[in-house]
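Use these hints to put chain H onto chain B, whose structure you have.
Which chain is which? The protein sequence lines are B and H, in order. The numbers in the first sequence follow numbering that gives the first Met the number 0, run straight up by one, and end at 313. The numbers in the second sequence follow numbering that gives the first Met the number 0, run straight up by one, and end at 441.
Treat the hints with caution; some may be incorrect.
Derived DSS-like pairs (lysine-lysine); straight-line CA-CA distance at most 25 Å [as the list claims (entries may be wrong)]:
1) B:Lys158 to H:Lys193
2) H:Lys415 to H:Lys248
3) H:Lys248 to H:Lys187
4) H:Lys285 to B:Lys85
5) H:Lys243 to H:Lys187
6) H:Lys286 to H:Lys269
7) H:Lys268 to H:Lys243
8) H:Lys187 to B:Lys158
9) B:Lys158 to H:Lys248
10) H:Lys269 to H:Lys193
11) H:Lys268 to H:Lys285
12) H:Lys285 to H:Lys371
13) B:Lys158 to H:Lys270
14) H:Lys270 to H:Lys405
15) H:Lys268 to H:Lys286
16) H:Lys415 to B:Lys85
17) H:Lys405 to B:Lys85
18) H:Lys270 to H:Lys248
19) H:Lys405 to H:Lys243
20) H:Lys270 to H:Lys286
21) H:Lys243 to H:Lys415
Stretch-level coverage of chain H by chain B, calculated; a stretch enters the list once three of its residues show a Cβ under 8 Å from a Cβ in chain B [claimed, not checked]:
22) 245–258
23) 409–418
Partial list, computed: chain H residues near chain B (C-beta under 7 Å) [as the list claims (entries may be wrong)]:
24) Gly74
25) Thr78
26) Leu81
27) Val85
28) Lys106
29) Ala398
30) Phe399
What the hints contain is simulated information worked out from the structure, not anything from laboratory work. For each residue, glycine too, the CB sits at the ideal point set by N, CA and C.
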Amino acid sequence: MWSAQHSKTVPPMSSWRSLTPGRRRNLRNGLLFVSPWLAGFLCFTLFPFVASLYFSFCDYDILSPPRWVGLANYRELVTDDPYFVKALYNTFYYTAFSVPLGILFGVGIALLLNMKVVGVPVYRTLYYLPSIVPVVATSVLWMWLLNPQYGLINSLLGKLGLPEPGWISDPLWSKPSLILMAMWAVGGSIVIYLAGLQGIPVELYEAAELDGAGPWQRTRAVTLPLLSPVIFFNLVMGLIGALQVFTQAYVMTQGGPVDSTLFYSVYLFRRAFTYLDMGYASAMAWLLFVVIMALTVFTFRSAARWVHYAGEGR
Amino acid sequence: MATSLTRRRFASGLAGLGIGLAGGCAPPRRSSDGRTDVVFWHMWTGEWEKVVNRIVARFNESQRSIRVRPLVVTGDANTKLLLALVGGDPPDLMAQWNQVIPAWARKGALVAFDSLMSADEYRRFRAWLYPAAREIGTYGEHLYAVCMSLNAHALLMNAQMMREAGLDPDRPPASIADLDTYANEMVKYDARGKIDRMGLLPLNLHQWAAVWGGDFYDPVTERITANHPRIVEALEWMTSYSRKYDVNKVSSFQAGLTQQVGDSWPFVKKKFALIQDGQWRVEDMKKFAPDIECRVTPLPHPPDGKERACHVNGNFLIIPRGARHAPEAWEFAKFWCGWQHEDIGADIATWGGWIPASPALTRTAPYRNYVKENPAFQTFLDVVGSPNVRITPVTPVQAFLWDRLKATEESALRLKQTPREALDYMTYEVQRELDKVNQRGS
Numbered sequence: 000m001w002s003a004q005h006s007k008t009v010p011p012m013s014s015w016r017s018l019t020p021g022r023r024r025n026l027r028n029g030l031l032f033v034s035p036w037l038a039g040f041l042c043f044t045l046f047p048f049v050a051s052l053y054f055s056f057c058d059y060d061i062l063s064p065p066r067w068v069g070l071a072n073y074r075e076l077v078t079d080d081p082y083f084v085k086a087l088y089n090t091f092y093y094t095a096f097s098v099p100l101g102i103l104f105g106v107g108i109a110l111l112l113n114m115k116v117v118g119v120p121v122y123r124t125l126y127y128l129p130s131i132v133p134v135v136a137t138s139v140l141w142m143w144l145l146n147p148q149y150g151l152i153n154s155l156l157g158k159l160g161l162p163e164p165g166w167i168s169d170p171l172w173s174k175p176s177l178i179l180m181a182m183w184a185v186g187g188s189i190v191i192y193l194a195g196l197q198g199i200p201v202e203l204y205e206a207a208e209l210d211g212a213g214p215w216q217r218t219r220a221v222t223l224p225l226l227s228p229v230i231f232f233n234l235v236m237g238l239i240g241a242l243q244v245f246t247q248a249y250v251m252t253q254g255g256p257v258d259s260t261l262f263y264s265v266y267l268f269r270r271a272f273t274y275l276d277m278g279y280a281s282a283m284a285w286l287l288f289v290v291i292m293a294l295t296v297f298t299f300r301s302a303a304r305w306v307h308y309a310g311e312g313r
Numbered sequence: 000m001a002t003s004l005t006r007r008r009f010a011s012g013l014a015g016l017g018i019g020l021a022g023g024c025a026p027p028r029r030s031s032d033g034r035t036d037v038v039f040w041h042m043w044t045g046e047w048e049k050v051v052n053r054i055v056a057r058f059n060e061s062q063r064s065i066r067v068r069p070l071v072v073t074g075d076a077n078t079k080l081l082l083a084l085v086g087g088d089p090p091d092l093m094a095q096w097n098q099v100i101p102a103w104a105r106k107g108a109l110v111a112f113d114s115l116m117s118a119d120e121y122r123r124f125r126a127w128l129y130p131a132a133r134e135i136g137t138y139g140e141h142l143y144a145v146c147m148s149l150n151a152h153a154l155l156m157n158a159q160m161m162r163e164a165g166l167d168p169d170r171p172p173a174s175i176a177d178l179d180t181y182a183n184e185m186v187k188y189d190a191r192g193k194i195d196r197m198g199l200l201p202l203n204l205h206q207w208a209a210v211w212g213g214d215f216y217d218p219v220t221e222r223i224t225a226n227h228p229r230i231v232e233a234l235e236w237m238t239s240y241s242r243k244y245d246v247n248k249v250s251s252f253q254a255g256l257t258q259q260v261g262d263s264w265p266f267v268k269k270k271f272a273l274i275q276d277g278q279w280r281v282e283d284m285k286k287f288a289p290d291i292e293c294r295v296t297p298l299p300h301p302p303d304g305k306e307r308a309c310h311v312n313g314n315f316l317i318i319p320r321g322a323r324h325a326p327e328a329w330e331f332a333k334f335w336c337g338w339q340h341e342d343i344g345a346d347i348a349t350w351g352g353w354i355p356a357s358p359a360l361t362r363t364a365p366y367r368n369y370v371k372e373n374p375a376f377q378t379f380l381d382v383v384g385s386p387n388v389r390i391t392p393v394t395p396v397q398a399f400l401w402d403r404l405k406a407t408e409e410s411a412l413r414l415k416q417t418p419r420e421a422l423d424y425m426t427y428e429v430q431r432e433l434d435k436v437n438q439r440g441s
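Bound-form chain B, shown alone:
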């Protein structure tokens, strides 16, 4: 049924000659209508994508023509650039904490918001709100909250007699500060977890309850396995997003203090637009692409062990 409809609306290109003039006109008009998108995609996505691969093997500063240097940029990155190592470390640190914590926090809140209590729609809205605030606005807000001298957080800590960290102005606390900030904006993933939770059949919980399972056992044996595809999705998206973390560090710390928030994308941006080292920055971008791809493939491979799809009989 589907294929019949499909062949009726979009004829294959090989049958161009067999098309009636009316259909040819429709096809041409259709292509013309999507042409702005096609032109945009070709000019602003595909071409830069391919060009950056070429530039990664060149010495290129925008102002002069690119000069082929082979693998020199990659070699220098891997063997002779301390900031590359520092930026990778900072990025992995951020990813290693923000992604798992984001999942824990997101699932935890979603479980609470899935309970049948008075005012749940209000709570759901409140938790979702931060995720629709632009990152730059969030960053400025948190700069004030985390201000060591006048910030709300240190003021509260001080009243409780607890130590007051330097937060984003202290190299020791700057990355944890950004991780903490990331937790504030998990509303988007909470919505997805909630949708997943509401898709779990109630009879499974009833069966588990009849078998004598308590709340924790029901969560562990029913909720988490059936939520695992959603967790998997958020894990993959979270990994990809965290490895490209940029805006918060760019706005709040500019990579400091003492390079403690010099994330990979921040260093890449600096190389490209401050030092005009476009070839080198392109090589950095492609290495990041390889790292993200490798981690994504690894995550997908691991999925067979822990992701349970309903109807698979596992």
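Chain H in isolation, oriented as in the chain B frame:
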């Protein structure tokens, strides 16, 4: 009201889009009255934009054949310029104060101003400028940036706070030892034990390196000398404040000073009794803190240091390669900096509270009157004419050096590295970058 999309309309729409894209939506460069339009990019906003508009208006009034069209370029203006340049539609003129002139000049992105003058005029123009204005704008054998104004630094003092601490504001600190004593007398803590006011917080190593007499670069050998013993000593002195006042408390205090402009400037907010800063603060003090009695003195120096020394930078004008109206842009640059228009240039300098590009302008009547009204300005004029001022080294890795200088200072002031370690490492990495650029030869 519904309109149908006819073939003709659709085709003309596409054609319009194509022409718009191909032409880069470039504005027309000749007005209907036949005057040549000079497109001028700058990054001044707010009150400063008004000053720029006033300068442009005065120039346009004086002209029959040229009209300057100012355009505020916010955000990353340098990247925007490079993209415009590569796209073949750069402005005719751009204001510039970042560390990019040598690198851009080396890459052939700028028009040399000497190509717009006769050899004789060029020789006279160079001699007319302050040495710092000349050196910052020069790369190799050519002048790539014309200075409109210079910035000098000095020590600003809150006289009332000094009196309260039992110090005589008529006897400013003459040495680093004096400065430390004065600073210590005026620090204040709040009930939580946090620093509420600092006597002084020495920041900006490039300023104090000049005072100590250390250079970051040797242009003869083309070697980075950031670990010069005098610079190490300067940084050691700066880090002594992190130790004396507790590095965590100092960091926390600094983090609370989020704004450095207008009425949020910490000196206006009475967060410092002494502060090193530039001459534009004279105007700020008049506008935002007329109640504060402010005294100004050159930065004090150690026994074997340099008197009336500081790091000098400024505001410059550059003409990007491919500019359509470079000679007309040069006319505007001349008008602003005061070359061949000294009274006008001096008048303009008073509008912004600027130190002009040439000592000749400081001798004009409008400028003398301005200094008479603002006596604090005289100290900055004395400093900028001193042989002990220093500029950011003119190297193609200026931006990298500047970044690393900030990181080095930060690392030492937070006591993460000793000054010697931090400066040794900075020397190594900037030299490495310079060698890399030199090897490429572009």
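Going through the hints against the structure:
no., hint, in the structure
1, B:Lys158 to H:Lys193, "holds (14 Å)"
2, H:Lys415 to H:Lys248, "holds (15 Å)"
3, H:Lys248 to H:Lys187, "holds (12 Å)"
4, H:Lys285 to B:Lys85, "violated (46 Å)"
5, H:Lys243 to H:Lys187, "holds (14 Å)"
6, H:Lys286 to H:Lys269, "holds (15 Å)"
7, H:Lys268 to H:Lys243, "holds (23 Å)"
8, H:Lys187 to B:Lys158, "holds (21 Å)"
9, B:Lys158 to H:Lys248, "holds (18 Å)"
10, H:Lys269 to H:Lys193, "holds (15 Å)"
11, H:Lys268 to H:Lys285, "holds (14 Å)"
12, H:Lys285 to H:Lys371, "holds (14 Å)"
13, B:Lys158 to H:Lys270, "holds (24 Å)"
14, H:Lys270 to H:Lys405, "holds (23 Å)"
15, H:Lys268 to H:Lys286, "holds (13 Å)"
16, H:Lys415 to B:Lys85, "holds (16 Å)"
17, H:Lys405 to B:Lys85, "holds (17 Å)"
18, H:Lys270 to H:Lys248, "holds (14 Å)"
19, H:Lys405 to H:Lys243, "holds (21 Å)"
20, H:Lys270 to H:Lys286, "holds (18 Å)"
21, H:Lys243 to H:Lys415, "holds (16 Å)"
22, 245–258, "holds (count 8)"
23, 409–418, "holds (count 4)"
24, Gly74, "violated (11 Å)"
25, Thr78, "holds (5 Å)"
26, Leu81, "holds (5 Å)"
27, Val85, "holds (6 Å)"
28, Lys106, "holds (4 Å)"
29, Ala398, "holds (5 Å)"
30, Phe399, "holds (6 Å)"
Hint compliance for this structure: hints 4, 24 are not met, and every other hint is.
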